[in-house]
Amino acid sequence: MIGARTALLLVLGCLASATAFGRPVSYAGGWTVIEESDRLSSSALVHYTPSPTMSLGLKTEVNRDSDFAIYSVHPTLLAKRWFGADYQGNLYFHGGIGVASGINNNPQSDHMAIYGGVMADWETRSLFVGYRNRYLEAGEYASQFMQAFRAGFAPYEGDSGDLHTWLMLEIDHRPSDPDSVTATPLVRLFKGPLLIEAGYNLTVNQPLFNFTYRF
Amino acid sequence: MHLLIKTVAMTTALCLCFVAEAQEHGDHMPHDTHEHHDHTHQETDSGHSSHDGHESEARPALTHTEDIDSALAKGGEPIVADVLGVVCDFCALAMNKIFSKREEVAAIYVDLDTKALSLVLAPGASLSDQTIADLAIQAGYRIADIRRGDEALGMAS
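Top line first, the protein sequences correspond to chains A and B. Residue 184 in the working numbering sits at position 184 of the first sequence, with consecutive numbering throughout. With the second sequence counted from 1, adding 1000 to any position gets you the working numbering.
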């Protein structure tokens, strides 16, 4: 029986995708591969952008500490983009629906997994601030909320095709985790279709590695 | 359930912040854009006339690359469009991908310094302002202004 909370999450999931701070919606007809690995999970997402306001992808997410994986369909909706001569702001709804399965000999049976949230960012060529959150409901496996804030700056402004470098700090909050608030300084390198992020979570001593490739 | 309520509350607050910002700045940006283009790329034609105090002449002109110059030499029409929201290489990539698919486009360059899209059409080809605006939307961006011919080259009086 689907409860009210699950039903609402289902709506969010149908509205919305990747929780990455990279652009989760591409140009019309574009494909994007996103890998993310943080202190608790690793994920891979491949999405296609049929229109400039939404993308649809398939995502696999491995929750290392809890020994379960989620296989989901992952839509993202660009709800609003603010344009300026020197800035861009975005508001996205993201989510997904799929199956949660045990890994590493976890004997629990499969459960429906559904998640949703929002992501927003504001960016110039030298400043970036972003926020994202997600609520995940995966039966016996997890019922968890997370949110993260990120701010960064570019020490120089590269032009088209140059190597772009960003220095960022991410603060994430996961109320259900013993270390509920952690900090991760990271470096973002950006060149053409490739974006790579490498950082280190100072609170729990875990690396962060993300990459996005757009084609 | 309280977490979900918290999520919705934060979402609402976030939306309000963005809407407030948009009302203050974003909705008027296309009309204000020219005022912000007060610097020019090192390789643009407008660099010769960017210090004479005339706002219109300070707008970015065609950026010269090998492809652009080659297409110009073949007689293609130069076009420069001011683009709103291009702040990173993904933006430039998107514009390149969308415009390069058009057979009318012989050469393209997105200049992040001037936020200008430089196009040179194939000889005899044409591309309307509306089509250029629509293609920019397909890439996820907006066009604020389009200049052609001598004006695009920064040579208009």
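Watch out, some of these pointers could steer you wrong.
Facing chain B, from chain A, some residues (calculated, C-beta under 7 Å) [as the list claims (entries may be wrong)]:
id, residue
1, R23
2, R64
3, A85
4, Q88
5, S126
6, Y156
7, Q206
8, P207
Here are the simulated lysine-lysine pairs, BS3-like style, with alpha carbons at most 30 Å apart [as the list claims (entries may be wrong)]:
id, chain 1, residue 1, chain 2, residue 2
9, B, K1101, A, K191
10, B, K1074, A, K80
11, A, K191, B, K1097
12, A, K80, B, K1101
The hints are simulated quantities; they were obtained by calculation from the structure and are not laboratory data. Where is the CB? At the ideal position from N, CA and C, for every residue including glycine.
Hint by hint, here is what the structure shows:
1. At about 5 Å, the closest approach between the beta carbon of R23 (chain A) and any beta carbon in chain B falls short of 7 Å, and the interface hint on this residue holds.
2. For R64 (chain A), the shortest C-beta to C-beta distance to chain B is roughly 22 Å, which exceeds 7 Å, and the interface hint is violated.
3. A distance limit of 7 Å between C-beta atoms decides the matter here; for A85 (chain A) the minimum to chain B is near 4 Å, and the interface restraint holds.
4. At about 4 Å, the closest approach between the beta carbon of Q88 (chain A) and any beta carbon in chain B falls short of 7 Å, and the interface hint on this residue holds.
5. Hint on S126 (chain A) is violated. Least Cβ distance to chain B is approximately 9 Å, over the 7 Å limit.
6. About 12 Å separates the beta-carbon of Y156 (chain A) from the nearest beta-carbon of chain B, more than 7 Å, and the hint is not met.
7. Contact between Q206 (chain A) and chain B, as hinted, is not supported at the beta carbon level, the nearest pair being about 23 Å apart and thus beyond 7 Å.
8. Against a cut-off of 7 Å between C-beta atoms, the interface hint on P207 (chain A) is violated, since the closest Cβ of chain B lies about 24 Å away.
9. Straight-line distance between C-alpha atoms of K1101 (chain B) and K191 (chain A) comes to about 22 Å, which keeps the hinted pair within the 30 Å bound.
10. The suggested pairing of K1074 (chain B) with K80 (chain A) is violated, with an alpha-carbon distance near 41 Å, which exceeds 30 Å.
11. For the hint linking K191 (chain A) to K1097 (chain B), the alpha-carbon distance of about 15 Å falls within 30 Å, and the restraint holds.
12. Taking the CA atoms of K80 (chain A) and K1101 (chain B), the gap is about 26 Å. The hint holds against a cut of 30 Å.
Hints 2, 5, 6, 7, 8, 10 from the earlier list are contradicted by this structure; the remaining hints agree with it.
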